[in-house]
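> Chain by chain, the residues run as shown.
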Amino acid sequence: MSPGPLLFGAALGQLAGMIVSRRAPRFWLPATLASAVAALGAALFVLGGGAEWQWRSDFAIAGDSLHLRLDGLSAFFLVLVAVVVGAGAVYSREYWTDAAHPRSATAGRFWWSVLALSLGVVLVSSNGLHFLIGWELFTLAAFFLITLDRQRGEVRAAGWLYLGASHVGTLALFAFFTGIAARTGGWDLGPMRGHAELAPLFWLALFGFGLKSGMFPLHIWLPSAHANAPSHVSAILSGVTIKIGIYGLVRFTGWLPVPAAAGWTIAAAGVVSAVLGVAFALGQHNLKRLLAYHSVENIGIILIGVGFGVVAVAHGSDAASWGRLALAGALLHVWNHGLFKSLLFLGAGSVLHATGTREMSRLGGLWRAMPWTATLFALGAVAISGLPPLNGFVSEWLVYLGLFDAALTRGAAAWAVVPAAILLGVTGALALACFAKVCGVVFLGAPRSEAAARAHESGPAMRGSMLVLAAACVAIGLAPVMFWPAVARAIGAWEPAWVDATPPDSLAVLGWAHLVLAALALAGALVLWRRAHRVTAPRALTWDCGYAAPTARMQYTAGSFAGIVTEWFDWILRPVRHAERPEVPFPEHAGWTSHTPETVLEHIVHPVGGVVMQISAATRRLQHGRLAAYLFYLLVGVAALGTIVVIDVSQ
Amino acid sequence: MNSNVNLLVGLAIGLNLLALGSSRLPSVIGAVAVQGMAIGLMPLLLESDFNWIVALVAVGTMAVKGFVIPVLLRRAMRTANIEREVDPSIGFVPSLLLGAGGTIAAVALARALPLLPEHAGSLLVPGSFASVLTGFVLLIGRSKAIAQVCGYLILENGIYLFGLLLIRTTPLLVEAGILLDLTVGVFVIGIIVDRIQRAFDSLDTSKLTVLRE
Numbered sequence: 001m002s003p004g005p006l007l008f009g010a011a012l013g014q015l016a017g018m019i020v021s022r023r024a025p026r027f028w029l030p031a032t033l034a035s036a037v038a039a040l041g042a043a044l045f046v047l048g049g050g051a052e053w054q055w056r057s058d059f060a061i062a063g064d065s066l067h068l069r070l071d072g073l074s075a076f077f078l079v080l081v082a083v084v085v086g087a088g089a090v091y092s093r094e095y096w097t098d099a100a101h102p103r104s105a106t107a108g109r110f111w112w113s114v115l116a117l118s119l120g121v122v123l124v125s126s127n128g129l130h131f132l133i134g135w136e137l138f139t140l141a142a143f144f145l146i147t148l149d150r151q152r153g154e155v156r157a158a159g160w161l162y163l164g165a166s167h168v169g170t171l172a173l174f175a176f177f178t179g180i181a182a183r184t185g186g187w188d189l190g191p192m193r194g195h196a197e198l199a200p201l202f203w204l205a206l207f208g209f210g211l212k213s214g215m216f217p218l219h220i221w222l223p224s225a226h227a228n229a230p231s232h233v234s235a236i237l238s239g240v241t242i243k244i245g246i247y248g249l250v251r252f253t254g255w256l257p258v259p260a261a262a263g264w265t266i267a268a269a270g271v272v273s274a275v276l277g278v279a280f281a282l283g284q285h286n287l288k289r290l291l292a293y294h295s296v297e298n299i300g301i302i303l304i305g306v307g308f309g310v311v312a313v314a315h316g317s318d319a320a321s322w323g324r325l326a327l328a329g330a331l332l333h334v335w336n337h338g339l340f341k342s343l344l345f346l347g348a349g350s351v352l353h354a355t356g357t358r359e360m361s362r363l364g365g366l367w368r369a370m371p372w373t374a375t376l377f378a379l380g381a382v383a384i385s386g387l388p389p390l391n392g393f394v395s396e397w398l399v400y401l402g403l404f405d406a407a408l409t410r411g412a413a414a415w416a417v418v419p420a421a422i423l424l425g426v427t428g429a430l431a432l433a434c435f436a437k438v439c440g441v442v443f444l445g446a447p448r449s450e451a452a453a454r455a456h457e458s459g460p461a462m463r464g465s466m467l468v469l470a471a472a473c474v475a476i477g478l479a480p481v482m483f484w485p486a487v488a489r490a491i492g493a494w495e496p497a498w499v500d501a502t503p504p505d506s507l508a509v510l511g512w513a514h515l516v517l518a519a520l521a522l523a524g525a526l527v528l529w530r531r532a533h534r535v536t537a538p539r540a541l542t543w544d545c546g547y548a549a550p551t552a553r554m555q556y557t558a559g560s561f562a563g564i565v566t567e568w569f570d571w572i573l574r575p576v577r578h579a580e581r582p583e584v585p586f587p588e589h590a591g592w593t594s595h596t597p598e599t600v601l602e603h604i605v606h607p608v609g610g611v612v613m614q615i616s617a618a619t620r621r622l623q624h625g626r627l628a629a630y631l632f633y634l635l636v637g638v639a640a641l642g643t644i645v646v647i648d649v650s651q
Numbered sequence: 001m002n003s004n005v006n007l008l009v010g011l012a013i014g015l016n017l018l019a020l021g022s023s024r025l026p027s028v029i030g031a032v033a034v035q036g037m038a039i040g041l042m043p044l045l046l047e048s049d050f051n052w053i054v055a056l057v058a059v060g061t062m063a064v065k066g067f068v069i070p071v072l073l074r075r076a077m078r079t080a081n082i083e084r085e086v087d088p089s090i091g092f093v094p095s096l097l098l099g100a101g102g103t104i105a106a107v108a109l110a111r112a113l114p115l116l117p118e119h120a121g122s123l124l125v126p127g128s129f130a131s132v133l134t135g136f137v138l139l140i141g142r143s144k145a146i147a148q149v150c151g152y153l154i155l156e157n158g159i160y161l162f163g164l165l166l167i168r169t170t171p172l173l174v175e176a177g178i179l180l181d182l183t184v185g186v187f188v189i190g191i192i193v194d195r196i197q198r199a200f201d202s203l204d205t206s207k208l209t210v211l212r213e
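First to last, the sequence lines map onto chains A and B. Take 1 as the starting number for the first sequence in this note's numbering and just add one per residue. Take 1 as the starting number for the second sequence in this note's numbering and just add one per residue.
Note that these hints are calculated values from the structure, not bench results. Keep in mind it's a predicted model, so treat the numbers as computed, not measured. C-beta atoms are modelled at their ideal positions from N, C-alpha and C, and glycine is treated no differently. Each hint should be verified, as a subset may be incorrect.
To be verified - Some but not every residue of chain B turned toward chain A, in silico, with C-beta under 8 Å:
no.	residue
1	Ser89
2	Gly91
3	Phe92
4	Leu115
5	Ile140
To be verified - Residues from chain B shown here face chain A by an in silico Cβ test under 10 Å; the list is partial:
no.	residue
6	Leu46
7	Phe50
8	Leu109
9	Ala112
10	Pro117
11	Leu133
12	Leu139
13	Gly141
14	Arg142
15	Ser143
16	Gln148
17	Ala199
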């Protein structure tokens with residue numbers, strides 16, 4: 001058996017999805033799901049120990065013959081693509097229906113299929129040209145998905161920012177792949193660590209793939225794009241497409257030689273992304289924007305693992321044990337973040353669907369109206385905060401293990417991992433604070449607006465897809481050993497010397513500890529629930545210090561809950577606060593607003609862009625239509641060329 | 001023979017300066033006509049043995065540059081009813097100074113160039129550079145379309161002078177083709193000048209800036 005026919009079937013399924021998306025929408029979901037199952041089957045076949053699959057075509061597409069390859073690493077990422085594409089497709093049938101969105105539902109289905117197909121193309125193509133074609137196609141498909149709701153101005157602005165930023169990254173990748181092609185004489189890709197002259201190209205790859213993955217400070221496009229896209233699109237953008245940036249980075253640090261500073265740079269970028277990502281998340285009041293900043297944070301955690309993996313390769317065989325652990329943590333976190341971030345975005349979409357707002361200050365008290373969504377969102381929150389017994393803890397634990405083992409060795413790495421581990425711990429604590437804020441403000445307390453009070457639970461399709469993702473989170477948390485072979489297979493594709501199919505002992509111990517913890521927690525919850533229902537406790541207002549007229553606005557808001565922590569990060573967050581204090585005994589007006597802008601975008605990119613635009617506008621004055629002056633330009637140009645030639649000849 | 005050629009090139013350079021310094025359009029057209037005839041004569045002087053085709057082209061050049069084009073230009077001038085360049089963007093004295101300076105620079109440049117020994121003593125190269133420069137000064141510095149056409153013709157004369165260096169290798173068909181292009185170009189411009197004059201009541205090309213994008 002070979003994964004080839006399965007992959008072919010998966011591609012065919014997505015093509016069928018594109019065709020039926022307009023005329024026969026009821027066949028779209030079966031086609032997409034069948035395709036996802038086929039892709040999942042192919043990927044699991046390779047991850048389960050099957051042979052790596054390679055195929056070259058006899059015919060040429062765009063001037064080069066196709067070269068497809070499904071190895072451990074591609075298969076590892078393909079699993080995530082298949083799961084989230086399937087879950088998101090089911091979700092979208094209820095979330096973005098033809099009835100509610102007659103103008104964009106068809107386009108949503110069509111571009112979803114294009115996105116899924118082009119993601120697959122990027123993952124399996126082993127040819128620079130076809131990789132770039134797939135990359136551009138998936139960028140465009142994501143643009144059209146982000147701007148589905150393009151009647152809103154902020155959606156259009158987010159779409160443009162995404163498109164512009166993505167193309168800057170694509171430009172770097174064009175230079176990267178043409179650089180490889182120019183030095184090796186062909187577009188074909190594969191392991192070529194022997195070509196030492198390819199090492200400087202790493203920086204181009206870091207920029208291009210780093211921008212796509214949302215690494216700080218290249219993340220400027222990410223918050224607005226992920227916050228303004230429809231929620232199932234946010235889920236796949238945040239859960240999958242930014243991981244394709246990680247895939248590129250991992251793929252090409254594995255295949256190509258890297259400069260000496262590569263690992264350190266990736267790890268440093270990871271630490272910065274992790275800490276600042278969560279700091280920015282704490283400052284947000286928009287539920288989806290907050291989740292988007294958590295993507296920056298989690299990409300940081302992944303990059304820390306990848307970075308120290310690259311460092312370990314440079315350290316030789318002594319470092320194999322800790323390098324393997326760090327990289328395993330990073331790769332497992334790719335899956336985990338893909339799963340729980342999709343779950344959280346789908347949960348946020350469910351809230352948005354029910355209340356029509358994503359402003360946390362207008363929500364509150366949703367746990368009663370939406371118990372399924374609230375429970376599943378809380379589960380995702382526990383997972384993303386890196387708390388046991390869920391999957392987020394497993395992957396972060398592996399990264400920690402790698403860092404701790406490295407700290408016990410000799411050399412530069414031993415010193416560098418200590419601050420990295422500490423900052424990783426800080427990140428985890430801040431993430432926990434942030435999700436305590438989200439769950440508390442959105443689901444607990446009293447409803448802050450009419451819309452929140454009239455919220456309703458979402459239907460079976462939305463709940464079902466969230467349940468699948470949540471189940472996957474729980475499974476990885478409770479039985480991490482079962483997933484180790486897949487991770488080991490991906491690591492083997494990256495660095496063949498590190499293949500080790502036996503899971504580390506600590507992982508098995510962790511799995512048992514998680515099982516015990518989960519059993520205890522379930523038992524405790526059951527006892528508490530039974531006790532709460534046996535004794536019918538009287539219901540009354542919380543004691544309010546004797547104040548006679550409490551309102552729902554007298555609760556902790558998203559801003560006040562995180563106030564102290566965001567003040568620590570004032571130097572980078574630069575929040576805009578506007579206070580109108582009550583001054584006189586009977587004040588008529590008083591108010592307080594705070595807003596955390598995207599600092600890098602507003603304080604660096606916008607000013608620099610403004611200068612560039614001014615210079616460009618100044619050069620436009622040369623274009624005034626007076627023929628005589630144009631002839632003068634010509635004369636100056638010819639004279640300058642002549643001077644250059646004369647100087648060159650005389651030398 | 002070389003001294004005869006040099007004499008004609010010297011005449012052409014002098015006519016350059018006349019075209020630069022004159023404000024009356026008829027005298028500029030006259031200078032261009034005489035210059036055209038002078039350089040049209042040169043192939044006959046450069047070729048040592050008589051050749052029918054060369055003679056034919058030389059006569060054709062002289063006829064077109066000396067008579068046909070000036071007639072077309074004069075007719076355009078009459079229909080447009082202008083005789084003078086009134087408001088040049090580079091004045092007449094500065095134009096003259098630029099032309100004189102350019103001629104000196106052209107001589108200096110020709111010395112610096114690695115020329116073949118048989119061309120070293122000739123004024124062909126400096127004369128060609130000086131004419132190209134003069135043409136540019138007229139094109140840039142004059143606002144009336146007819147004066148600009150004269151600048152263009154002087155520029156073309158400069159290029160033609162440079163082409164004479166290669167007279168043994170350039171097919172004369174190419175020269176004949178250039179001549180035809182030039183005639184058609186001037187013919188078309190003669191019509192356009194009339195149209196511009198009727199449509200805008202002015203021949204000032206510096207006002208024609210609306211269609212720049």
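> List, from low to high, the hint numbers that the structure doesn't satisfy.
2, 3, 4, 6, 7, 10, 17
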